[in-house]
Structures are given as C-alpha cells and as structure tokens.
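K.L.:
If you read the sequences in order, they're chains R and S. So the first sequence is numbered by the working numbering: it starts at 2 and just counts up by one. So the second sequence is numbered by the working numbering: it starts at 5 and just counts up by one.
To be clear, the hints were calculated from the coordinates, so they are not data collected in a lab. Note that this is a predicted model, so its numbers are computed, not measured. A hint or two may mislead.
So the derived list for chain R, only partly shown, Cβ under 7 angstroms to chain S, looks like this [what the hints assert, rightly or not]:
| no. | residue |
| --- | --- |
| 1 | Thr24 |
| 2 | Ser31 |
| 3 | Met35 |
| 4 | Leu185 |
| 5 | Asp198 |
| 6 | Arg426 |
| 7 | Val429 |
| 8 | Ser432 |
| 9 | Ala434 |
| 10 | Thr653 |
| 11 | Ser658 |
| 12 | Asp718 |
| 13 | Ile720 |
Note that CB positions come from ideal geometry on N, CA and C, so glycine has one too.
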Amino acid sequence: MKCTVVGKRVERKDARAKVTGETIYPSDRSREGMLWVVAVRAAHPHARILSIDTERAAAAAGVVRVLTARDVPGENAFGIQFHDMPVLCSDRVRYLGDVVALVGAESRRAARQAAALVAVDYQPLALLTDPEQALDPATPALHPGGNILHEVHFHKGNISVGFQKSAVIVERSYQLPMMDHAFLETEAGLSYFDENDVLCVESCGQYIYRDRKQIASVLGLAEEKIRVSAEMVGGAFGGKDDITVQIQLALMTYVTGRPAKMVASREESIVAHSKRHPASMWFKTGASKSGKLMAVEARFLSDTGAYASLGGPVLNLMAEHAAGPYLVPHVKVDGHVVYTNNGFSGAFRGFGCTQACVGIESQMDLMARALRRDPLAFRQANVLHQGDAAGLGYEMKTAVGAEPTIRAARAGKLYRQRRRIKKDRTHVSPSLAPFIRRGVGVASQMQGLGLGVGIEDQAEVEVVLGPGGAVRVKVGTTEIGQGAYTAYAQMTAERLGVPLEQVEIVGADTGTCPDSGATTASRTTYAVGNAILLAIAKLEQRRSAWAAQGTGRENLSARANFTVPTQDRQLGDGLPHLLYSYGTHVVLVEVNTLTGEISVEAVEAYLDGGRVVSPLGFEGQSEGGIAQGIGYTLFEEVLLDRGRFLNTNFDTYILPSSKDVPTAIHTVPIEVMEKSGPLGAKGISETCTVGVAPAILNALEDAIGIRFVRLPVRAEDVILAREESPHES
Amino acid sequence: MLRILRLPALDQVIEILSAQESETLLMAGGTDILPRPAALASTRLLIDLSQVAELQGIALDAEGRIRIGAAVTHQEIVDHPLIQRKAQLLSMACSSIGSVQIRNLGTIGGNLANASPAADSLPALVCLAAEVALASPRGIRFLPVSAFILGPGRTARAADELIESVRIPVVTGRRVAFFKKAGQRRGMCCAKASVAMCAHRHGDGRLTKPRVAMGAVAATVISVPAAERVLADRVLTMAVIEEAAAACCEAAQAIDDIRSTASYRRHVVGALLTEGLAEIYDHMQDLARRQARRRRRRS
Numbered sequence: 002m003k004c005t006v007v008g009k010r011v012e013r014k015d016a017r018a019k020v021t022g023e024t025i026y027p028s029d030r031s032r033e034g035m036l037w038v039v040a041v042r043a044a045h046p047h048a049r050i051l052s053i054d055t056e057r058a059a060a061a062a063g064v065v066r067v068l069t070a071r072d073v074p075g076e077n078a079f080g081i082q083f084h085d086m087p088v089l090c091s092d093r094v095r096y097l098g099d100v101v102a103l104v105g106a107e108s109r110r111a112a113r114q115a116a117a118l119v120a121v122d123y124q125p126l127a128l129l130t131d132p133e134q135a136l137d138p139a140t141p142a143l144h145p146g147g148n149i150l151h152e153v154h155f156h157k158g159n160i161s162v163g164f165q166k167s168a169v170i171v172e173r174s175y176q177l178p179m180m181d182h183a184f185l186e187t188e189a190g191l192s193y194f195d196e197n198d199v200l201c202v203e204s205c206g207q208y209i210y211r212d213r214k215q216i217a218s219v220l221g222l223a224e225e226k227i228r229v230s231a232e233m234v235g236g237a238f239g240g241k242d243d244i245t246v247q248i249q250l251a252l253m254t255y256v257t258g259r260p261a262k263m264v265a266s267r268e269e270s271i272v273a274h275s276k277r278h279p280a281s282m283w284f285k286t287g288a289s290k291s292g293k294l295m296a297v298e299a300r301f302l303s304d305t306g307a308y309a310s311l312g313g314p315v316l317n318l319m320a321e322h323a324a325g326p327y328l329v330p331h332v333k334v335d336g337h338v339v340y341t342n343n344g345f346s347g348a349f350r351g352f353g354c355t356q357a358c359v360g361i362e363s364q365m366d367l368m369a370r371a372l373r374r375d376p377l378a379f380r381q382a383n384v385l386h387q388g389d390a391a392g393l394g395y396e397m398k399t400a401v402g403a404e405p406t407i408r409a410a411r412a413g414k415l416y417r418q419r420r421r422i423k424k425d426r427t428h429v430s431p432s433l434a435p436f437i438r439r440g441v442g443v444a445s446q447m448q449g450l451g452l453g454v455g456i457e458d459q460a461e462v463e464v465v466l467g468p469g470g471a472v473r474v475k476v477g478t479t480e481i482g483q484g485a486y487t488a489y490a491q492m493t494a495e496r497l498g499v500p501l502e503q504v505e506i507v508g509a510d511t512g513t514c515p516d517s518g519a520t521t522a523s524r525t526t527y528a529v530g531n532a533i534l535l536a537i538a539k540l541e542q543r544r545s546a547w548a549a550q551g552t553g554r555e556n557l558s559a560r561a562n563f564t565v566p567t568q569d570r571q572l573g574d575g576l577p578h579l580l581y582s583y584g585t586h587v588v589l590v591e592v593n594t595l596t597g598e599i600s601v602e603a604v605e606a607y608l609d610g611g612r613v614v615s616p617l618g619f620e621g622q623s624e625g626g627i628a629q630g631i632g633y634t635l636f637e638e639v640l641l642d643r644g645r646f647l648n649t650n651f652d653t654y655i656l657p658s659s660k661d662v663p664t665a666i667h668t669v670p671i672e673v674m675e676k677s678g679p680l681g682a683k684g685i686s687e688t689c690t691v692g693v694a695p696a697i698l699n700a701l702e703d704a705i706g707i708r709f710v711r712l713p714v715r716a717e718d719v720i721l722a723r724e725e726s727p728h729e730s
Numbered sequence: 005m006l007r008i009l010r011l012p013a014l015d016q017v018i019e020i021l022s023a024q025e026s027e028t029l030l031m032a033g034g035t036d037i038l039p040r041p042a043a044l045a046s047t048r049l050l051i052d053l054s055q056v057a058e059l060q061g062i063a064l065d066a067e068g069r070i071r072i073g074a075a076v077t078h079q080e081i082v083d084h085p086l087i088q089r090k091a092q093l094l095s096m097a098c099s100s101i102g103s104v105q106i107r108n109l110g111t112i113g114g115n116l117a118n119a120s121p122a123a124d125s126l127p128a129l130v131c132l133a134a135e136v137a138l139a140s141p142r143g144i145r146f147l148p149v150s151a152f153i154l155g156p157g158r159t160a161r162a163a164d165e166l167i168e169s170v171r172i173p174v175v176t177g178r179r180v181a182f183f184k185k186a187g188q189r190r191g192m193c194c195a196k197a198s199v200a201m202c203a204h205r206h207g208d209g210r211l212t213k214p215r216v217a218m219g220a221v222a223a224t225v226i227s228v229p230a231a232e233r234v235l236a237d238r239v240l241t242m243a244v245i246e247e248a249a250a251a252c253c254e255a256a257q258a259i260d261d262i263r264s265t266a267s268y269r270r271h272v273v274g275a276l277l278t279e280g281l282a283e284i285y286d287h288m289q290d291l292a293r294r295q296a297r298r299r300r301r302r303s
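One chain only, chain S, in its complex shape (with noise of 0.2 angstroms):
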C-alpha cells in the first residue's frame, strides 16, 4: 500500500527521513512522478513537500546569495523581480520549461532530484554558479550543481537528505545571458539540447568570465570550458562566436534516442551557442551604436 503523507514542516520530513529505509519518494509538484506509474508502484511512503514551509520563497540569504526554495515552481522564477534582475539567465531557462500547467507545479528542486540530462534549469543553473543545499539531521550542506548531478537520475543526494534550496551568487556588473534550446517543438517540448551562456559586458566589446553549459548532450549538464576559453577577454565578434560554436559541438557527447541524433545534437549546440551569440553581439553593436550618438550629440 501506498502511504502518502504531506507534511508541513521541514524537520518533519527529516525525522521521517533518517527512520525510515528506502522505498520513500520525496515530491513537490509532481510533474516528473505522476506520468510514470512504474516508479509509483515500488514506493511505500510518498512525501509530499510542495506545503513545507522553508522549502517555499525567493530572498537574499544572509550571505548575500539568492535563496530559491526548493518547492518554488518554476513559474514563480520566471515572474520573480530579483531573479529576473540577478539571475535573469535563470528566468529565460525556467521559461522554456514545459506548458503553463508544469511550470505551475514543477519545482526548481524537482528539476535538479529527477536530473534528467535535458533537464532546461540544470545548464542555467551551471552558468549561475548555483550551490544545492541538502538539508539532513546533520544540518545543511552545499554542493556545486555540476558535483550535485552525477548521471541520469543520479544525484550526490543521501537517502536521509532533501534539497533544502539552490543558492545563487549575486554579481554584478553588465551581464548579458541566453538560454537557447532545440525541442521536437516550439511549445511544451523536452530538448533535444540546450546552452545556457553568461558573461559580463564590457564597453569595449569585450565579454569576460564567460560561462557556457549545455544540455541533453552528454549523461548531465555540462559546462564547455573550451567555449569559455575562446570567449575570455576577447571582443566578440562573428569570427570569435564560430570559434566558440565549434568548441561546443566538440565538446558534445551526444546519442541518439527518440527524440533525436547524436550529430544532430553535436551540430545544434553549436548553432544554439551561435544564434545566442549573435543576438547577444547585435545588442552590444547597438549599444555601442547609440552611445556613439549620444557623445556627437553632446559635442
């Protein structure tokens, strides 16, 4: 029989977690369990976390990082002001996830347990330098995502531990930041593959401590440091973002599923890092544009 409990308080589902063995689902909106009776069916005791209280909320925490909750759903991300402020980058990936529906019941902290390899906020999360904070009797711990995700459905998660929150360092500076993903659709796909990319800007065209990640090529998110490399200190140009496209569609290792193919996927990160790019180089040319106008105007 299957037990399911909804509890509302954090140390509550902690002191359920260090008693009990295994055969216990933790889940918050529901949207990767629900459609797979299979993982169901071997379950005892199912918790539902989406009500406890200090899963819940984006803030500043006291160290200056932004807080995400881990039931915080996907939708509240993308309409938050701090995160579309500070970690806009975040903001455009949680966007593309699913349909409205999903992203009002799936959770940022669902997204990094089910670690799925095409999960949309793993590579934004990558970029943003996120930690995940896995909260246990032991108090709470942090792990880099990159550390936390180990292959398909794996995580570096301990039975008697939950995801408390994802921490996010707040930088600043002029950023610029893009999510791009190739689906099987435009609306409510799953991708083929993704990139994620963040940088500061610079007045003089130059984008410094690039980060690049990607998705759904390879058994995790993956971040391209190759493609860093190329973009580190250089002003972007279209010969710069070629260079960098070719490093990510070397440093893919895709296969092909249903979905789609291995050069498909190795072909498109580089497209994907390109179109990006380029939006990103057309942007900074009419900035630079306008800045130019301003100091004629003014003398």
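If we strip away everything but chain R, and leave its shape as in the complex, we get (with noise of 0.2 angstroms):
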C-alpha cells in the first residue's frame, strides 16, 4: 500500500513548543491559592515505625495542614498489579522513599522546613539488601506473602539432551546494575477542585485512567468525581507507570480542599521513584558442531526491593526473552523476583527484554567464537522465522523481522568493512597508535509489544470531523517524549485523506478522552493507531450512509475500541505475547588500553518495527535509545548501600553526555509489515535500546579480548581485567 502522509519526515507537532519552551509540563502548572506539598519520607530503609508527631509541623509558619495515614479516607495502598504500596506508612517503612506524612503549606519553602520538623520515632529492623540471602525462606520477611514476588520456571523439550548434543558449550555469570529512568522532569503535579467539585489532578502518569481508580480507591470517591490529565510529561521511560504524585495531590486537595503542587527535586525523585531491576543471571548454552543452536538453559535473579510494582511480569518478560530471537530445540528457564530493602524496581523501557538480552547475546558471540563462525551468520543460521516454535515453545504466529534485520546488519557498511575500520589508526598521535584497540560487535533482539495474555489491554479513540474539514483525534496515551502524537496525527491524516495540519490530536484527559489504555510496552502506535482506523472506517459509513440519503453532515464523531490481540494459552501475567518487533545492532568500540577508555564511535541500527510511520520519530527513538543502552552498558549505576542511595543527583549518577554518544549513528528501518497493525505498523521504543548493551560487550570482547560480564563497564574495569589477564594479545 502506497502512502502520501505516513513514512514522510514530516516535523514533530509538539517540536517548536517545546524548543520554544511553550509546552506547559506538569511542572509549570499553579492556580491561585494553591498549597505547595512536601513529602516526608522515611529516615530508614527498613523500620517500625513507633510514632509519628506531627505537632511541631503543624504548629510552624504557613503550613496549613500536616497528613498522616489517619487522614487516608479510603484504602490506603496502592500498586499496578498488588496495592501493596501504602500511601502513607503507618507502622513501618521498607525503603527510603516510603511516605510518612505529607505537609502542606503556603509556600515550597514553608513546606519542606516543617517537614524537617515531623518527628518519627522509628526502631530499625534487619536489613534485607542481598537478593540470595532473600531465597532463604528463614530470612524475616519483608510482606505477608513471604520474600520472594514470584517465580517461574519453564522448559521445552529435554535441557540434558540439547546439551549432549552440543559440540559447544558456553557457561557465564552476568550481573546487572540499577539504573535510573533519569528523565528530564521530575514527578510533579497539580491539583484542585474544578466548579463542578469535582477533583483534577493534572500530572505526569503514564495511564491516566489506571491512575484515576487508584485514586478513587484511596480517597473512597467515585472515579467520575476525579479528573486526571497528564498530556506532556517530560520524559518518564516507564518510571512513571507506578503512582508518584498522583495520590499525594489528590489527597491535599481532598483534605484542605484546596489547590496542591509538587515538584520532587531530583535527589527525591532518584530515591523515591522506581528502576531497572538490578539482576544476576546465569546462563549455559550449548550449539552444534554445524552451529546450529541446541539448548540455552538460564536461572534470574531479579530484585524488585521493597514492592512489586511490576516485578513479576518483568521476570516474566525476562524468561519470555531468555532464547532471544532464536529458534532453539531444547530450553530451560528458572528465575525469581523478590522483595528487598533496595529501592523499588519496576517498569523501565526494555522490560525484563533488556537484561535477557545481555545473556543471551554474549552467549551467542561466545559461542560464535568457539564454532569460530561469523557472528552474524550463526545468529541468522538460528533465527525464528514466522510459524517456528519460540523459546518457550508457543508459535511465532505474526510476522517475524528478525531474519531481515539480520541480513541487513551483515550488507551495512560497518560490518562489511570492519576489519578496514577496526585497523584504522589515523585518528591517533603514531606513537599511541599501539595503544588504541577497535572491534566490532553485534547483537539482535526481539521485544514483546503490548501487554501479553491475560492484561486488559486495549485502546478506545474518539475522532471528531469538525467544520472545515478540521479533524480532532481524542486519545488518552500520554505524550511522554516518545512522538506517538505525530505518528497519531499522521495516520489521520493519510486514512482521512486530509492535510497534517488539520489534524489536531486531544491527549490524557480523563474528562475529554477516551481510556486508551497505558503509555507503555511498545504499544501506542500499534493500539491506538488501529483504534483511530477503526473510528474512521465507523466515521466514513455514516459519511456514505448518509450520503446516499442526500443529507450532508459537517459535525461527525465516531469512537472505537481496539483490542491488542493475544497468544490463545498464557503462561503468566502478560506472557506471552504475540506480536514482537525486531533488531539487530552493530557497533564500533575503541578501547585506549593506555586509561581504559572505552569509547562508542558508531552504531548501525537495524530495526523492525513494522512500517515505519513517522521516520524523524522513528530515527529519534533510535538515537535515544542507543543514548540509553551506552549509559546502562558504559555509566549508569544506582549505587546504595545498607539500602542507602549513594548518587541521587546527576554529579554522581553518571549519564552519558553528548560528547559520549557517537555522531555516526546510522538507523535503518526494516519494514516487514505486520498484518494486524494500523497500515502495518507495530512499535519501536523498546527494541531500539535492548540489544545496544550486549553489542558493546561483544565489540570490546573483539577489541582486547576480555569478555565483560558486569554492567557498567567503566576504564577501571578494562585497567583491572587487563591487569588479570596476561594472556590477552
């Protein structure tokens, strides 16, 4: 199918605001008369909680009223997938982030010094900071269910035959770091009682509707007496799918009945807000002497610390992608999630996706190397092809990229030429010359989208044909930076057959927009770009109906629904899933043995995300998501102790700078249409930063010859393996 308006570079809708610094973001809103809210947060990672006195607070100036958990109306708990999280702790804290009391107050300042000024008396409890020591079942536990979240264990075929079979062999440890969402803003919100009473909170979710129940829930208030709205957000990355301040506004306001705003600096927000999950994985995989995969066998280690958030569909996503793109005859897969002091970990783009794939990709290059095969021709020798069988066993029913991808990585230039490119030294001062070491690594994925078997997932769109041709497109996703707006507009626009301009897309609004389900897991394009088709294929009957009855109409509307479809048989919460889209990366490392530097100098990105809608917004995930993937391999790491946040600002939680990022990143899209997706699109912004990490670990493994297994990888690990290793070349 030919298209006029999708697949054009056409300019971001929201692109000159924000430059412009027009966008209005959570953080810019205030209304007249408003309180400012201070969280009081716990002064112990893990503590009961003996008293709270709240007197001297209360008493200080301008504050107007200090809440404890007595002032919770409703449930006081909440979560995505278990309200375990209490709003407002009343007899003990399990993270440093916990809430105690909240303090409203006339202004900011007021607010945080009589915050200081809530006395808690806490009595200190054993600390639960090492996720092995959570295995045990004698530990004290930190929930009534016990420590560990959950659990899963899966197989195919026999693991001890595909391992009989195998020529190969490869066995290794991993260990993954926690990593900050590190968006731009911070959590931050506003609230008020609008002139029909009833309570907005305009904020930075990533499911407004999700958010409102939850809400509801704890103040006891029906959902239609809430409104929440979050149309910009700056920047989430799914750190922002739990509940930050949505409650604590609601809650001010409920209580004081007045207007409420928070803004969580940033040394807040890194401790209170949730991360990657940290992991340590296992993996053993074997191959053929004809190179031909046979069995991958992989345990996780996950830790979720002090509440589940997502923790268990993220294992779940883990063990899902554990084989990677592969066809493999032989798996096993045991993994656990569980409950520590350590923060708390939840969504963060990659999902589970971004840890197995650091496993599973340094296997594939370890094995490729003991075969002594190409790297890219073992991976595309195994690849899953539509109709195979996937790790887990389940058919690979949609379209399958993967292959495609692969081919395309193996044609591109830097891998063609890499052996040109990795002696290329003319960059460098001569003497130095035998210092510097460049190699070349690859890795391939693939990424669940949507939500997987058995969670509601669908999208509800309401589009409106105006006078003059003027074509409004309710949605209720949020705009988190990603440009799915564009992309929403664009497909408008080319079903309708109208101009781009005359599109204009109504986002996160409970009160105006349709539930179009969460801003999350690759899906907004694929969800809600069907369900806006739908809407004009309902819009465009009516159109002909009456048409055909001789009565033009100028004010149209249509809505529909759009279910994201599913696997038949489930194997947990959102497993699986079955629609993936696919990629393979290839990236150049130099690596100066001198300091250790490790330096990224290009990325080819080979993506599959089904047809490409919006390919400035397409190339900007790319870019950022290798951004991303070069801060989690090379930089990025929450560092605690006992608990205890030890870089909760950007001096010390180091992300990568522009000068860290290589110009040459090449992003090519690989259209493999997808039936089922709205003119065969599916999604991007995950896919475009999983592989990123394991393809830097390959490329230094090329460079000196040291295979890394621990993220990140920083000059003095290079210095130190270099230092162990006296056999390196």
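Using the hints, put the two standalone chains together into the complex.
P.N.:
Rendered as structure tokens:
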C-alpha cells in the first residue's frame, strides 16, 4: 500500500513549542491559592514506626495541614499489580522513599522546613539487601507472602539432551545494575477542585485511567468525581508508570479543599521512584558442531526491592526473551524475583528484555567464537521465522523480522568493512597507535509488543470531524516524549485524506478523552493507531450512509475500541506475546588500553517495527535508545549501601554526555509489514535500546579479548581485567 | 537571614571583610557554592565578587607577569590570545572544566578558593609557577599556588583576605605543554585524575625545565619532581616517557571514592603522562622531519 503522509519526514507536532519553551509541563502548572506539598520520607530503609508526631510541623509558619495515614479516607495502599505500597506508612517503612507524612503549606520553603519538623520515632529492623538472602525461607519476610514475589519455571524439550547434542557449551554469570530512568522532568503535578466539585489532578502518569482508579480507591470517591490528565510529560521511560505524586496531591486537595502542587527535587526523585531491576543471571548454552543452537538454560534472580510494582511481569519477560530471537529445541528457564530493602524497581524501557538480551547475546557471541563462525552468520542460521516455536514453545504467529535485520546488518558498511575500520588509526598520534584497539560487535533482539496474555490491553479513541475539514482525535495516552501524537496525526491524515495540519490530537485527559490504555510496552502506535483507523472506518460508513440519503453533515464523531490480540495460551501474567518488534545493532568501539577509556565510535541500527509511520520519530527513538543503551553499558548505576542511596543527583549518577554518544549513528528501518498493524506498523520504542548493551560487550571482546559480564563497564574495569589476563594479545 | 552584597570595588570588599567575623562567604561565579545549600545555610553574609572592577581582566602586570583577575571566567581564559600564546597550558586545562555554562560562570579565583583536589586549573597553575595575589588591609601578598592550597577545601587565605588575581611569569622560547584528564565521561566531568606538563623544547629533541603536576591523586594538587628529573635535559624517547610515567604512578597518593579507585588513579596518571608525552614526541619527530626536508631542499 502506498502512503502519502505516513512515512513522510514531517516535523513533530510538539517540536516547536518544546524548543521555544511554550509547552506546559506538569511542573509548570500553578493555580491561585495553591498549597505546596512536600513528602516526609523514611529516615531508615527498614524500620518499625513507633510514633509520628506532627504537632511542631503543623504549628510551623505557613503550614496549613500535615497529613498522616489517619487522614487517608479509603484504602491506604496502591500499586499497578498489587496494592502493596502504602500511601502513608503508619507502622513500617521498607525503603527510603516510603512516605510517612505530607506537609501542605503556603510556600515550598515553608513546606520543606515543616517537613523537617515531623518527628518520627523509628525502631530500625534488620535490613534485607542481598537478593540471595531473600531466597532463604529463614529470612524475616518484608511482606506477608514471604520474600519471593514471583518465580518462573519453564522448559521446552529436554535440556540435558540439548547439552548432550552440543559440541560447544558456554556458561557464564552476568550482573546487571539498578538503573535510573533519568527523565528530564522530575515527578510533578497540580490538583484542585473544579467548579463542578470534580477533583482534578494534572500530572505526569503514563496511564491516566488507572491513576484515576487508584486515586478513587484511596479517597473512597467515585471515579466520576475525579479527573486525571497528563498531556505532556517531561520524560518517563516507565519510571512514571507507577503512581508518583498523583495520590499525594489528590489527598491534600481532598482534605484541605485547596489546590496543591508538588515538584520532586532530583535527590528525592532518584530515591522515590522505580528503577530498572538489578539482576543476576546465569546462562548455559550449547550449539552443535554444525552451528545449530541446541540448548539454552537460564536462571534469573531479579531484585524488585521493597514493593512488587511490575517485578513479576518483568521477570516473565526476562524468561520469555531468554532464548532471544532464535530457534532452540531445548530450553529451560528458572527465575525468581524477590523483595529487598533496595529501593524498588518496576517498568523501564525494555522491561526484562534488556536484561535477558545481555545474557543471550553475550552467549551467542561466545558460542560463535568457540565455533569459529561469523557472529552474524551464526545468528542468521539460528534465527526464528514465522511459524517456528519460540523459546518457551508457543508458535510465532505474526510477522517475524529478525532475519531481515540480521541480513541487512551483514550487508551494512560497518560490518562489511569491519576489518579495515578496525585497523584505522589515522585519528591517533603514531606513538599511541599500538595502545588503541577497535572492535565491532553485534546483537540481535526481539521485544514483545503490548501487555501480553492475561492483562487487559485495549485502546479506545474518538475521532471528531469538525467544520471546514478540521479533525480532532481524542486519545488517552500520554505524550512522554516518544512522539506518538505525531504518528497518530499522520495515520489519521493518511486515512482521511486530509492535510496533516488539519489534524489535532487532544490528549490524555479523563475528562475529555477515552481510555486508550497505558503509554507503555511499545504499544501506542499499534494499539491507538488501530483504534483510530477503526473509528475512521465507522465515520466513513456513516458519511456514505448519509450521502446516500442526501443529508450531508459537518459535525460527526465516532469512537472505536481496539483490543491488542494475544496468544491463545497464557503462560503467566503478560506472558507470552503475539507481536514482537525486532532489531540488530552493529557497534564499533574503541578502547584506549593506556587509560582504559572506552568509546563507542559508531552504531548501525537495523530495526523492524513494521511500517515506519514517522521517520524522524523513528530515528529519534533509535538515537535516544542507543544513548540510553550506552548509559546502561558504560556509565549508569544507582549505588546503594545498606539500603541508602549514594548517588542521588547527576553529579554522581553519571549519564552519558553528548560527547559520549557517537554522531555516527545510522538507523535503517527494516519494514516487515505487520498485517494486524495500522498500515502495517508495530512499535519501536524499546527494541531500539535493548540490543545496545550486548553489542557493546561483544565489540569489547573483539577489541581487547576480554569478556565483560558485569555492567556498567568502566575504565577501571578495563585496566583491572587487563592486569588479570596476562594472555591478552 | 542571609544577606547578599554585590560590590563594585575592591576596597569595599576589603573593608567589609576586615570588619566581619566569620560566616562571610565570597562568591564569584557561584558554580561551587550554589549547588551546596548546606554551605549557604550557615552563612550570614554572601559577597558577590563578580562585578568587582579590580578583579577583572587579563593583562601583563608591572613586572611583566600575566595577571589574571580573580573574577575572570574559565571561558575568558580559554579564549584569551595572551593566555593562548604565553600560558597555553592554562587555556587547555580551563577548557576541560565542566560545561560551556559552567565555564561562562566559574572563575579562576573560585577554582583556587574552592581548593578541590580535582580542580582542573590547579595542575596547570602549578606547572606554570603561578602565584596567588591576596589582597587585605595590609596590602597585597603573593603565594605560590602550591603554598596557597593546603588541603581539600583549605587554603592559606586569611579571613580578611581575598584572592585578587593570579600571576604567571612569562617564559620565552619554544614550549610544549599538555593537560590530560581522566573523567567519568568525556563532557561535563570532574577529574578522576589529571596530569599537566610543560617544558622547553629544543631542536635536538631535548626537553628542559620540565614541570609535571597531578590533580585528584592526593589531598591537594601535587607536583612530581621525580618525573621532572627523569625528563630534564633528556632527549624524549618512549623509554624516557615510560620512566617518567612510572614516577607519576609512584608519586600518586590516591584514594577510593564514588568516582574511582585508588589503584586506577595510580595507574592512570602514568597513562595520561604517557599519552601527553607521546603526542609531544610525535610532534617533535614531525618537526624534525620537516626541518630535515627543508634542509635537503636547500642543499
């Protein structure tokens, strides 16, 4: 099918307003007579609360109200999967982000000063910070159900037969760090009662309807009495999927009747919100002499910290993606996700695939090396095709673009010319040339799209045709920086045959927009796009019906609901998926063996997310995903010492700077059309980052002969590893 | 209550300093002070020096030294032709401080007063034999940078003194210099370790009067006389470089902290010196080859 608006390099609808500073973000919102709200957080990562004395804080200048658990009218708990996080802790705190009181004051300064006056008497409890210890049934439990949140045990074929048939067996353990989302805008929002006595919360969530439901149960209010919006959010990456400030704001407004505003400091944000699950992984994989993958065995231990959040589904996706995009006859996967006092972890771009991919793609390289095979040819020879059985045994029923991405990567410049490129030292002073090593590494990946089996995954939208050809599309998903609104507008303009400028996207307000589901899981282009096309089909039906009657009408609207299709058989919460996006990354790294400095010099990304709706958005996702992947591999790690955060701002939590991300990024769309997708589209926002880490690790081994199994890899690790490996060439 | 005074003239600052007790904080760019609300909490009076006329400007003083006013920003130093010609090492070091925004605000006086062991300008100033001019009611006194810096955050500045300027002696002849820094990333980073070096270059491949200083590997910036002795009056070769690098590693008294490890810091100062000197070696080889070509053409 030929498209005229979809696939065009159009400017993002929100770009100019963002660049000029006109965009209103949650932290920009204010209202006459508003209170500033500051949370009083736990002073210990694990303690019993003996008493909370708010008297001095409440009497402080400018303070209007200090709230504690007693002030919660409804259920004092919330959470995406289980309501296990207290809104306000009354008897126990389990991590430093737990909130014991909320101060509402006339100014931010007064609120902060009063927060320090809330006197909480704690009895510190034994800390649980070692995930291995959490597996021990003798360890005191952090939650009534014990310290194991969830476990998985899957097998396909017979793993011991698989290893018997293997000529090459590789076994390694991997350690992955806790990673912060580092969104630009910290958690922020504004709440107030409108003239109809509806409690409005203008905030930063990734799913406004779920936020509303959770606020309602905490306040004991009907959902219709609450309105939640989150139209433009300053970045999220999964870190705002859990409720952050929404309930706290709503509670303050509910109790005081006054508008309320919160903006977290960066230090507070890093302590409070979810993280990427730190994990230890063990992989044992085998391949036959002829280079056929025979067996993949993996064990995961994931640390969800103090609360469940999405720890279970994240572990499920680790298991689902453990065997990568490959056909493997014998698979065994076991995993546990446990509670500890190490902050808490939840959704993060990649959602378990990121971790699993580091393991399987490192193993793929190690096996190719042992078999003396070309790493991409080895992958290509084992790749999944449509109709094959996936790692966990279910059938890959939809379009599988893994092989075309590998084929394109093999034909790409970086891979084809890698021998010459690796030898290039023209940029180095001649005497230093012997100290410079270059390596090229690859990784392939797949990433489940949508929420998976067993989790409601629908998108409802409304398309309104106005006078003069104006089109308004009402969607409930949030613009968190990913550019989806532009993609929605392009699909709408394409299908209706109107100019792009005539399409307006009205977003993310429960007061005006239908429930389009969560802004997560690479799902919005696919799910919302399909819903838009369904609504337009309805409109056109009606229009032709009216035309047949000879009664033309200008104002016309239609709602449509699309349900993301799933596999028939459920293997776990959100497990497995029917649809996946695919990708292969090729990375050139340079290592200065004198200083240990690692630099990523070039990246080629071959990505299959079906049809590309918005090429600039696609490239932007890819480049941002690569930067985030470089951060995960070489720079970022939230450091904890006995449950306390050591690096809570960006002077010590090190993100890659623009100088640490190569300008030589080449993103190539591999458009394998997905029949069920809107105009053939799927999604790209996670697969574009997942393979970056293992591709860098593989390039490092190519460069200096050292296999790194712990992220992040820093100059210190390079020097240490070289000192420890005297056989290095 | 915190009072903030922005003063236009040096005598006004000196007058207030001599009258006040402690709890007075001096600030120019504020890049070290503003991110630390705790430091401000115990302060009663903050004097903003950024507009003091006498603290501005880069020029030669009466004795022919380069005078850099204490409130001169890092970026002004990077861009100034006199610094680029006569004290290029300082320009190199200042260009690696923070980000453009930090360099546009932060000042050389602030970098000295803050006395961070990791400050980028300090190893360069030590190599250049710079002196700190301290102004007080008693007049101006001069201290070599190495005597001015006493420890992390500690300097020889008395409570009634302020840094008026930095003076750098002008040296003639052909010079080579480098500033190398290992950071946690390439842009906007604090040094895990840094090495500055300058020397006179001779046509026969010798370096004389070498000066080597290192940052972030001791409580203060330190010079490395052992490495200087290795390099002095020797023809630069890779073997000499290796020897000098070993002297740097030996001299480092590094610690573990959130940015790096003691063992890496000890290692990397040698690596940084090797990098810098190898580039100089290649440069000198290049010059020698060109000279030989010219000579051949003439004959």
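K.L.:
Against each hint, give a clear statement of whether it holds in the structure.
P.N.:
Each hint tested on the structure:
A distance limit of 7 angstroms between C-beta atoms decides the matter here; for R:Thr24 the minimum to chain S is near 22 angstroms, and the interface restraint is violated. Hint status for R:Ser31: violated, given a least beta-carbon distance of 23 angstroms to chain S, over 7 angstroms. A distance limit of 7 angstroms between C-beta atoms decides the matter here; for R:Met35 the minimum to chain S is near 24 angstroms, and the interface restraint is violated. About 15 angstroms separates the beta-carbon of R:Leu185 from the nearest beta-carbon of chain S, more than 7 angstroms, and the hint is not met.
Given the 7 angstroms rule on beta carbons, the hint for R:Asp198 is violated: about 40 angstroms separates it from the nearest Cβ of chain S. Below 7 angstroms, beta-carbon pairs count as interface contacts, and R:Arg426 has none with chain S, the closest being about 12 angstroms; its hint is therefore violated. The interface hint given for R:Val429 is broken, as the beta carbon of that residue sits about 9 angstroms from the closest beta carbon of chain S, more than 7 angstroms. Of the supplied interface hints, the one on R:Ser432 holds, with its beta-carbon coming within about 4 angstroms of a beta-carbon of chain S, less than 7 angstroms.
For the restraint placing R:Ala434 at the interface with chain S, the shortest Cβ-Cβ distance is roughly 10 angstroms, beyond the 7 angstroms limit, so the hint is violated. Evaluation of the R:Thr653 hint against chain S yields a held restraint, the C-beta minimum of about 5 angstroms falling below 7 angstroms. The interface hint given for R:Ser658 is met, as the beta carbon of that residue sits about 4 angstroms from the closest beta carbon of chain S, less than 7 angstroms. Proximity of R:Asp718 to chain S is violated relative to the hint, the smallest CB-CB distance being about 9 angstroms (cut-off 7 angstroms).
Nearest Cβ of chain S to the Cβ of R:Ile720: about 5 angstroms, under the 7 angstroms cut. The hint holds.
Comparing the model with each earlier hint shows violations of hints 1, 2, 3, 4, 5, 6, 7, 9, 12; every other hint is respected.
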